[in-house]
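Chain by chain, the residues:
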Amino acid sequence: MKAKHQRLILIIAALIAIIGAGLIAAWTLRNQANYFYLPEQMAATPPDVGQSVRLGGMVQPGSLATEADGVTVNFMVTGNTDDAIPVRYNGILPDLFVEGSGVVAEGSLGTDGVFVATNLLAKHDENYVPKELEGMGTAQAATMAADTTIGLTQ
Amino acid sequence: MIAEIGLAALWLAAALAVLQMVSGAFALRAAPGEVNPLAIYTRPAAVVQALLAGLAFTMLLWAFAVTDLSVKLVAANSHSMKPMIYKLTGTWGNHEGSMLLWVGVLALSGGLLAAFERRLPERTMGATLAVQGFVALGFYAFLLLSSNPFERLPVPAMEGSGLNPLLQDIGLAFHPPTLYAGYVGLSVAFSLAMGALMTREVTPAFARVMRPWVLGAWVLLTFGITAGSYWAYYELGWGGWWFWDPVENASLMPWLAATALLHSVAVLAARDALRTWTVMLGVLAFSMSMLGTFLVRSGVLTSVHAFAVDPERGAFILALLGLNIGGAFTIFALRAGAVSEGKRFSVSSREGALVFNNVMLSAILAIVLLGTLYPLLTEAFDVRVSVGPPYFNPAGAIFAVPMFMVMAVGPLLRWKEDSPRRIRSELVLIAAILIAVIGLVSFFGRLPLLPLLGLGLAAALGVAAFLPLRGRRLTRVPVATWGMVLAHFGIAVSLFGMASEGAFTQERLAAVAPGGTEQVGDFTFTLQSITPVAGPNWTAIEARIAVSRDGGAPVILAPQARNFWSPAQATSESALLTRWDGQLYAVIGNQAADGRWQIRMWWKPFVTFIWYGGLLIALGGVLAIIGRVRVDMMRRKAVSLGEERRADLDALSAQPVAGDQG
Numbered sequence: 009m010k011a012k013h014q015r016l017i018l019i020i021a022a023l024i025a026i027i028g029a030g031l032i033a034a035w036t037l038r039n040q041a042n043y044f045y046l047p048e049q050m051a052a053t054p055p056d057v058g059q060s061v062r063l064g065g066m067v068q069p070g071s072l073a074t075e076a077d078g079v080t081v082n083f084m085v086t087g088n089t090d091d092a093i094p095v096r097y098n099g100i101l102p103d104l105f106v107e108g109s110g111v112v113a114e115g116s117l118g119t120d121g122v123f124v125a126t127n128l129l130a131k132h133d134e135n136y137v138p139k140e141l142e143g144m145g146t147a148q149a150a151t152m153a154a155d156t157t158i159g160l161t162q
Numbered sequence: 038m039i040a041e042i043g044l045a046a047l048w049l050a051a052a053l054a055v056l057q058m059v060s061g062a063f064a065l066r067a068a069p070g071e072v073n074p075l076a077i078y079t080r081p082a083a084v085v086q087a088l089l090a091g092l093a094f095t096m097l098l099w100a101f102a103v104t105d106l107s108v109k110l111v112a113a114n115s116h117s118m119k120p121m122i123y124k125l126t127g128t129w130g131n132h133e134g135s136m137l138l139w140v141g142v143l144a145l146s147g148g149l150l151a152a153f154e155r156r157l158p159e160r161t162m163g164a165t166l167a168v169q170g171f172v173a174l175g176f177y178a179f180l181l182l183s184s185n186p187f188e189r190l191p192v193p194a195m196e197g198s199g200l201n202p203l204l205q206d207i208g209l210a211f212h213p214p215t216l217y218a219g220y221v222g223l224s225v226a227f228s229l230a231m232g233a234l235m236t237r238e239v240t241p242a243f244a245r246v247m248r249p250w251v252l253g254a255w256v257l258l259t260f261g262i263t264a265g266s267y268w269a270y271y272e273l274g275w276g277g278w279w280f281w282d283p284v285e286n287a288s289l290m291p292w293l294a295a296t297a298l299l300h301s302v303a304v305l306a307a308r309d310a311l312r313t314w315t316v317m318l319g320v321l322a323f324s325m326s327m328l329g330t331f332l333v334r335s336g337v338l339t340s341v342h343a344f345a346v347d348p349e350r351g352a353f354i355l356a357l358l359g360l361n362i363g364g365a366f367t368i369f370a371l372r373a374g375a376v377s378e379g380k381r382f383s384v385s386s387r388e389g390a391l392v393f394n395n396v397m398l399s400a401i402l403a404i405v406l407l408g409t410l411y412p413l414l415t416e417a418f419d420v421r422v423s424v425g426p427p428y429f430n431p432a433g434a435i436f437a438v439p440m441f442m443v444m445a446v447g448p449l450l451r452w453k454e455d456s457p458r459r460i461r462s463e464l465v466l467i468a469a470i471l472i473a474v475i476g477l478v479s480f481f482g483r484l485p486l487l488p489l490l491g492l493g494l495a496a497a498l499g500v501a502a503f504l505p506l507r508g509r510r511l512t513r514v515p516v517a518t519w520g521m522v523l524a525h526f527g528i529a530v531s532l533f534g535m536a537s538e539g540a541f542t543q544e545r546l547a548a549v550a551p552g553g554t555e556q557v558g559d560f561t562f563t564l565q566s567i568t569p570v571a572g573p574n575w576t577a578i579e580a581r582i583a584v585s586r587d588g589g590a591p592v593i594l595a596p597q598a599r600n601f602w603s604p605a606q607a608t609s610e611s612a613l614l615t616r617w618d619g620q621l622y623a624v625i626g627n628q629a630a631d632g633r634w635q636i637r638m639w640w641k642p643f644v645t646f647i648w649y650g651g652l653l654i655a656l657g658g659v660l661a662i663i664g665r666v667r668v669d670m671m672r673r674k675a676v677s678l679g680e681e682r683r684a685d686l687d688a689l690s691a692q693p694v695a696g697d698q699g
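For the record, the sequence lines run as chains X and W. Quick note on numbering: the numbering used here labels position 80 of the first sequence as 88, and the sequence is numbered without any gaps. Quick note on numbering: the numbering used here labels position 264 of the second sequence as 301, and the sequence is numbered without any gaps.
Source of the hints: derived by calculation from the structure; they are not laboratory data. Even for Gly, the Cβ is constructed at its ideal location relative to N, Cα and C. There may be inaccurate statements among the hints.
[Claimed, not checked] Keeping only pairs whose Cα atoms sit at most 20 angstroms apart, straight-line, the calculated SDA-like set for lysine to any residue is:
{"#": "1", "chain 1": "W", "residue 1": "K380", "chain 2": "X", "residue 2": "Q14"}
{"#": "2", "chain 1": "W", "residue 1": "K380", "chain 2": "X", "residue 2": "R15"}
{"#": "3", "chain 1": "W", "residue 1": "K453", "chain 2": "X", "residue 2": "H13"}
{"#": "4", "chain 1": "W", "residue 1": "K453", "chain 2": "X", "residue 2": "I19"}
{"#": "5", "chain 1": "W", "residue 1": "K453", "chain 2": "X", "residue 2": "I17"}
[Stated by the list, open to error] So the derived list for chain X, only partly shown, Cβ under 10 angstroms to chain W, looks like this:
{"#": "6", "residue": "I32"}
{"#": "7", "residue": "L37"}
{"#": "8", "residue": "P54"}
{"#": "9", "residue": "L101"}
Taking the hints into account, I'd like the entire structure generated from these sequences.
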């Protein structure tokens with residue numbers, strides 16, 4: 009085997025591996041990417057039960073309730089329309105998580121139609137907004153900003 | 038005045054980068070063996086530029102130390118009440134300051150290269166420094182035109198607005214500078230690769246020059262990633278140690294490329310093979326550093342790292358990225374054909390194993406890169422997705438598992454050509470351990486596939502790492518070989534920690550009334566009291582939790598929920614109880630309506646091994662550097678001794694002639 013052939017074989021092997029990686033990535037991404045839903049989107053076209061997705065919106069005022077165990081909370085998330093998605097979360101609420109604030113819930117839809125969140129992201133200072141909340145309606149954004157920036161110096 | 042000196046130094050440094058670039062380019066025009074009269078400015082320009090960039094950074098450090106509120110950056114990011122150490126670390130806890138640090142380290146490494154590297158031909162050196170100047174110039178332009186750290190306020194602020202409390206941590210003092218130094222060390226590898234490519238000097242000598250830079254950068258990246266992971270683990274209070282966050286990936290990708298590069302450089306230095314591949318990886322590794330900088334600094338991502346959300350800056354870095362990477366790959370495409378093939382080797386040889394792992398590392402890099410960029414791409418089409426562990430873990434493992442298997446065997450093979458039969462007994466041993474551990478573990482409990490594989494591979498790798506030492510006199514094993522053994526063993530240790538954490542973590546989340554008792558794993562914990570406490574710039578609620586293992590003597594853990602007031606932000610301070618076989622991790626949450634407090638506890642067996650492993654890997658790299666530099670010094674000394682002797686001999690043989698004339 010000549011040196012030139014060896015180089016060719018190396019290049020081909022590397023290309024196969026990289027293309028393989030690309031294909032595996034594309035395939036896995038299609039199945040595993042975590043799509044973002046607004047409440048109205050989730051109400052109109054709900055994701056499969058158990059598929060992990062992200063739900064972003066506002067915590068409906070008056071809907072936040074803690075269960076007897078003290079660590080499970082239930083609340084409704086609303087968006088630009090009247091649709092509201094019930095969410096259940098078992099865990100420590102993020103700082104500055106209050107009714108009326110913006111939230112992104114990671115988790116999946118249960119069979120009973122309740123969104124079971126495994127993680128909650130909330131806006132917790134003026135420099136850190138979950139990216140998903142940026143595109144919300146301006147009125148909402150304003151309310152949200154007013155609600156979540158209380159006590160800030162700026 | 039301080040700020041003006043800094044700004045002037047920065048402008049002068051930029052001018053010197055131009056000089057370095059132009060003068061270095063003239064070196065290319067010199068005939069071999071000659072020196073172009075205009076090329077002599079290259080090295081001095083690089084050295085002085087390093088001093089000036091260092092001066093600029095010192096001036097900014099000073100402005101932060103004295104909290105000069107007439108400087109916009111200080112006013113926006115510091116506060117006179119902050120502890121001194123966080124005033125100083127705050128210098129790079131913001132966009133402009135961190136970019137200045139980036140450029141400073143870049144100039145410093147260019148200066149070191151120019152001052153001390155004498156092994157390469159002057160033409161190659163000129164080309165290398167020209168490339169280094171070009172890269173630096175781009176970043177000077179970025180600083181001076183779009184993110185000037187020394188900008189004054191028309192009216193000095195009354196008080197600064199403070200630093201993100203998450204960043205007020207001792208981890209921050211070391212994390213960014215180490216990562217930056219790592220990124221930037223790869224810039225030297227990149228410049229050297231481009232210089233060698235342009236002057237057709239892709240030789241083992243070039244590889245030996247490049248190796249300490251690659252090793253150094255790799256050690257710093259390893260250390261930076263390890264520290265960053267531990268920081269995220271205890272500071273964020275989520276109990277995880279790796280989130281596949283784009284910012285974490287931004288540091289992982291250069292590390293993967295640097296790992297591949299480091300092994301490929303070793304082949305080039307020892308065997309004169311893999312020439313173009315090494316150059317390619319040099320370009321790739323620095324591209325990943327630039328991409329990392331772009332992802333972190335441009336504001337396309339929202340995270341604690343993205344200080345600036347300014348589209349102009351993002352566009353600027355993207356343009357720099359395109360210019361450098363595009364230019365490099367163009368030169369590569371034009372010149373790669375001219376680099377002659379290196380030495381041949383058979384598939385079952387150490388080179389073969391290294392090439393296989395290089396390719397696997399590149400494939401993992403591709404997986405991480407695609408997963409990181411995918412959300413950005415889909416966002417352009419208004420589809421919002423996030424990509425997390427369900428993607429990265431299985432897709433990465435497809436390539437990581439074969440890589441670890443070959444890694445166990447590779448160091449046992451000989452260079453150039455070897456038969457697997459020669460190392461049959463070792464192969465059998467490694468395979469037996471792998472199968473035995475997997476069998477044993479799955480006999481006692483059902484585990485998910487990846488942690489199971491991880492445990493088996495960790496055991497096999499842990500033993501395999503030491504096999505290269507078999508049959509050798511330990512006192513005579515080169516330091517660099519010890520480095521390799523240690524680094525490979527570190528991988529096994531880290532893998533064990535990850536697998537164990539993934540497989541055996543136990544969690545308890547409960548609302549506990551003061552005096553109440555709960556159980557997690559072997560531990561019982563009792564909430565003793567909840568008290569308010571105050572720090573220099575925060576107030577907090579602190580829980581005192583008595584923890585005892587199997588009824589042993591109780592230990593007090595005190596997790597806090599802190600509220601900072603400038604800027605106003607709440608953070609969760611976890612409390613950790615470290616034992617040799619794991620860590621207990623406690624977080625306090627909110628108070629329920631009935632007065633009970635939420636407490637979250639994890640028992641994470643052997644989780645600390647993840648970071649011990651990282652440190653071992655870095656230490657292995659340090660040993661490799663020491664070993665290589667020592668061998669190099671000895672070689673230099675031998676060469677200079679030889680030359681002296683030859684000069685003496687010449688002088689002796691010349692003397693009779695002189696005597697005749699006298």
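Restraint status (C-alpha distance of K453/W to H13/X at most 20 angstroms): holds, 16 angstroms
For the pair supplied as a hint, K380/W and R15/X, confirm whether the alpha-carbon distance does not exceed 20 angstroms. holds, 10 angstroms
For the restraint on P54/X, tell me whether the closest CB of chain W is nearer than 10 angstroms. violated, 17 angstroms
Does I19/X lie within 20 angstroms of K453/W when you go C-alpha to C-alpha? holds, 19 angstroms
Should the interface hint for L37/X be scored as holding, given a Cβ-Cβ cut-off of 10 angstroms against chain W? Check passed: Cβ of L37/X comes within 6 angstroms of chain W, closer than 10 angstroms.
Min Cβ distance, I32/X to chain W: is it shorter than 10 angstroms? Check passed: Cβ of I32/X comes within 5 angstroms of chain W, closer than 10 angstroms.
Has the given pair, K453/W with I17/X, been kept, meaning a C-alpha gap of at most 20 angstroms? holds, 16 angstroms
Is the interface hint for L101/X satisfied, with its Cβ closer than 10 angstroms to some Cβ of chain W? Nearest chain W Cβ about 6 angstroms off; hint holds.
Checking one constraint from the list: CA of K380/W to CA of Q14/X, max 20 angstroms. Satisfied? Holds: K380/W and Q14/X sit about 10 angstroms apart, inside 20 angstroms.
Violated hint for the displayed structure: number 8, the only one.
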